[in-house]
Each structure stands twice: as C-alpha cells, then as structure tokens.
Amino acid sequence: QVQLQESGPGLVKPSGTLSLTCAVSAGAISSSNWWTWVRQPPGKGLEWIGEIYHSGSTYYNPSLKSRVTISIDKSRNQFSLTLSSVTAADTAMYYCARVQRFLAGPGDYWGQGTLVTVSS
Amino acid sequence: DIQLTQSPSFLSASVGDRVTITCRASQGISSYLAWYHQKPGKAPKLLIYDASTLQSGVPSRFSGSGSGTEFTLTISSLQPEDFATYYCQQLNSYPRTFGQGTKVEIK
Chain A
1 QVQLQESGPG
11 LVKPSGTLSL
21 TCAVSAGAIS
31 SSNWWTWVRQ
41 PPGKGLEWIG
51 EIYHSGSTYY
61 NPSLKSRVTI
71 SIDKSRNQFS
81 LTLSSVTAAD
91 TAMYYCARVQ
101 RFLAGPGDYW
111 GQGTLVTVSS
Chain B
121 DIQLTQSPSF
131 LSASVGDRVT
141 ITCRASQGIS
151 SYLAWYHQKP
161 GKAPKLLIYD
171 ASTLQSGVPS
181 RFSGSGSGTE
191 FTLTISSLQP
201 EDFATYYCQQ
211 LNSYPRTFGQ
221 GTKVEIK
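Sequence lines, in order, name chains A and B. Be aware that the first sequence starts at 1, since it is given in the numbering used here, and climbs by one per residue. Be aware that the second sequence starts at 121, since it is given in the numbering used here, and climbs by one per residue.
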C-alpha cells in the first residue's frame, strides 16, 4: 500500500508562486514509477498538470508548461509542484498520485488532495 | 492534444440498473484508456485500465471495453456506493487528458 500526502499553503496571492509537496510512504519513491500532479477547479473536471520519473525526467501540460516545474527528492521521499504567476484560474484542489507503471500507466494511488485558493 | 468526450454528461439511474458510459477519443489511443470514479470531496479512484483490465479490489460489476477511439464503461447492477462522477483518461500520449465527466445520480 503506497500512501501519498499533499501539503502546502492553502492561500496564494495573485501573481505569486504556488508550491506544493507530495510526501510518499517510505521507500516507495525509489521504485521505477512516474509520479503525477492533477488538479480540479471547484465544481469542474480533472486536469493533468504533469509528471516526473524517479530519474528526474518530466512531462508537462503545454497549457501550463511555461509556469510549472515538478521536481523529485528521493532522499526525502517526496516530489513537488511549483506553479508561478498564478491567477484566480489556478484555484483548485491539487492531487498527487503514483503512476502504476512505466508505460501508459494510470494513477493507482492518490493523495487526498489539497485546496489552493488564489486570492488577495 | 487528444480530446475525450464522454456521454452522457449526466445520468439518473436506480439501484440495480445496468449503466453504460461512453468515452470517445479524437484520435486513436489503442487500448490506453483508464476509468475512475470520484465521490464528492474525495480523490479519484482507479476502476479500470488498459480499457478492460479491472484494478485490484474493484468489484466485478464494473467492466470496460473498446479500443481505438470508442470505449465503454458498464456497471452491471448499480449499487448505492456507485453514485459518483466517472472520468475516462487517455494514456496513449502526452499531455494526458481526461473526459469531462459523467455524473451518475439516484433516480
């Protein structure tokens, strides 16, 4: 059983930077998996943000690519999301998840999510 | 980007009903499709991957089929805990994309 837990500020000012961390249960992040971030604006559907492999390789959603960075810290069993120049449109529940396998894998273990509100 | 269109967007059904949700892709994605359901305030839960493979621990009343551009999720006998929003996700190419969701409500 892999456990994930998101953490970070719940309120970010417009034009600021959103920073979230996903803590992964001990040892799990060293396995050969991709790790992903997904967000969901209030009352709306799911949006894939990007994912990172345990080696550090990344893929990002082009709609966010100029503003997003995903990084991984295997020594701390965590990976992180940074989103710059935020606006109210970035207000959402942010989820981290493990991708089940190397090729074309779905998210099989998810964090509970953390709500980030962009407001002054 | 590959667009996924789910139909219907909203479905009203009774306990015991057979329910089918369709997901159509804007281009072929082989069998690289997953289905999730999501209850209010909760994270999505993986039900099916590779279009038809049941995730471990998911009840057998859930099944998936399809390949290429058209996929279906079927619930053979709807249970009270199945009332939720269902999403498909394509895993054939980046960026990964989701369908807009199908909300299944109690009739």
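For the record, the hints were derived by calculation from the structure and aren't laboratory data. Treat the hints with care, as some may be off.
What the hints assert, rightly or not - Short derived list, chain A residues pointing at chain B, Cβ under 8 Å:
#1 W48
#2 N61
#3 P62
#4 D73
#5 A89
#6 Y95
#7 F102
#8 G105
#9 G107
#10 G113
Where is the CB? At the ideal position from N, CA and C, for every residue including glycine.
Hint by hint, work out which the structure violates, then give me just those numbers in ascending order.
Numbers 4, 5, 7 - these are the hints that the structure violates, sorted from lowest upward.
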